[in-house]
Amino acid sequence: MQNLKAILVAGIMAVTPFSSDAAPSKELFWDELIPKGHVQLEQQDASSHNENAQASWVQPGLDAPVVQELNGKTVSIPGFVVPLEGDDELITEFLLVPYFGACIHVPPPPPNQIVHVIIKDGVPIDSLYDAIVVTGELSTKGWSGEIAEVGYTMKGIGVAPFEG
Amino acid sequence: MNMFTLAQKSLLNRKSTVLLTLLTIAVSVMLLLGVERIRTQAKASFANTISGTDLIVGARTGSTNLLLYSVFRIGHATHNVSWQSYENIKKHRAVKWAIPLSLGDSHKGFPVLGTTADYFKHYQFGKKQHLTFAQGHAFEKQFDIVLGAAIAKKLGYRLNDEIVVSHGAGNTSFHHHDEHPFTVVGILKPTGTPLDKTLHLPLSAIDTIHNTGHHAHHSHEHDSDLIGEPKQITAFLLGLKSRIAVLTLQRSINTDAKLTKNEALLAIIPGLTLRQLWEMLSMVEQVLLVISGFVVVSGLLGMLTSLLTSLNQRRRELAILRSLGARPWQIAMLLVSESVLLTATGCIIGIGLLYAVQLATAGQLQELSGLQLSLTWLTQHEMLLIAGVLLSGLLVGLIPAWRAYKYSLSDGMSIRV
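Each protein sequence line maps, in turn, to chains A and B.
For the first sequence, my numbering gives the first residue as 47, with consecutive numbering after it.
For the second sequence, my numbering gives the first residue as 4, with consecutive numbering after it.
The hints are all genuine.
When the alpha-carbon atoms are kept at most 30 Å apart in a straight line, the in silico DSBU-like pairs for lysine-lysine are as follows:
| no. | chain 1 | residue 1 | chain 2 | residue 2 |
| --- | --- | --- | --- | --- |
| 1 | B | K124 | B | K234 |
| 2 | B | K94 | A | K187 |
| 3 | B | K130 | A | K119 |
Treat the hints as calculated values from the structure; they're not laboratory data.
Bear in mind that the values here come from a model prediction, so they are computed numbers and not experimental data.
Could you build all of it, start to finish, from the sequences and the hints given here?
Laid out in structure tokens, this is it:
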């Protein structure tokens, strides 16, 4: 019996991704992507503000700052996938968001709560309703240099199902 | 003597039933592989049609519907987008480029797309591949036209040919606008997407073919005006400076009255909508797979029937084998090898049939459904399916084998039939 248990545990260890021999990557939570001391506008406030304001179609919170220290760090972030590019099986480019993507009831998350992930070889993603954990190298460099477009990009290494 | 050679010789003695059994298995394997092939390749060609576009904007409708009519030319738009909204959204600070699309007209059944020259610069398909010209260049004048590869081939058009475009989306139209012939200035390279079947015109020309009476004012001064003064377009594609802004801009277009001047618009992320379409269709796919699976099962059951019925007639044959020193398990093995041989040969014939049918119908399939099936070597997935069929063949063979084993034990050398 004891033997059987040992075999089982060994088996589980073998199939679990990111086992201990892989490079240690820091598990990151979404609020760690917001710089300390920066008061993020609440989602609900943002939406009501949005409807009343004059220049309303620029969403407040669009100029959300990023945590510069995270640049170049290899981290794991759990989240939901909004697919952008890929073929019928693999997704090569997607947005990682903290709650189920493209939800029509609430405004989208501010730019510092979205990670643009590019995985060169692509990953199969079975269901968009399931949360995943993405591991990769984070970059805080924006493409265009305009404040509004600065956000996180990630060179993805691997994706695992989220087991919370 | 080897068990397989013995099985082969025995099978050859029962040619007609064996041939029919083989045919049943072959046809069922062909069907299984064919359905799988159409399913996977149709999906792949769908997925390859649009790339690098961040948002598609059209009148408010279902997101799948918008994707289908704007990109795949399937179905029709229920409403148009005002040019004003297009201009407004184009000016949004997150937008890098915008391509207007005006659909709804046809030429000999092929869709006509009114757009700007930016289309050829920004539109991407497959894995971020840009459009390239096989001959000629993008349109520069109002009556220039650029053809997709398939049209040029099908209708035999060459550079500098003159084409008349009709109003409406049917095969023929009763309102031909002979006064506005277009000149072919470019032919695109094949892309394997609905683009191959599309005629591309400058946006201004779409207005022209609808205003038959006013063609007089299209003098040469207006020749270089490719946009004209359109009041509405069918949809437009947006490329953003940063893909992170996709969700925010989508939200703004869908809900913000200021940006769209109260026009009911819908913005979709093509990659996401395509995924949602897959998830919606996955049940249909499963059903197709299950049906073709059952066809294979019925093929194998046919084989089982013929093996079992012939078994009774072969009791004498089995007794002779026994008298020659064959053991009961060897008799059983003989039966298993027979069914494996039958299934394997059936699979090989089925694969041959698949390629034959594919070769014979490729042209028609493309014309009818726009589906391009490439003649590829068996994929890993298909190999697995064949392996599954072989394994089931082996398992099915165990039933007559067990019967034969019992017979050979009870009958011994002498049988009383």
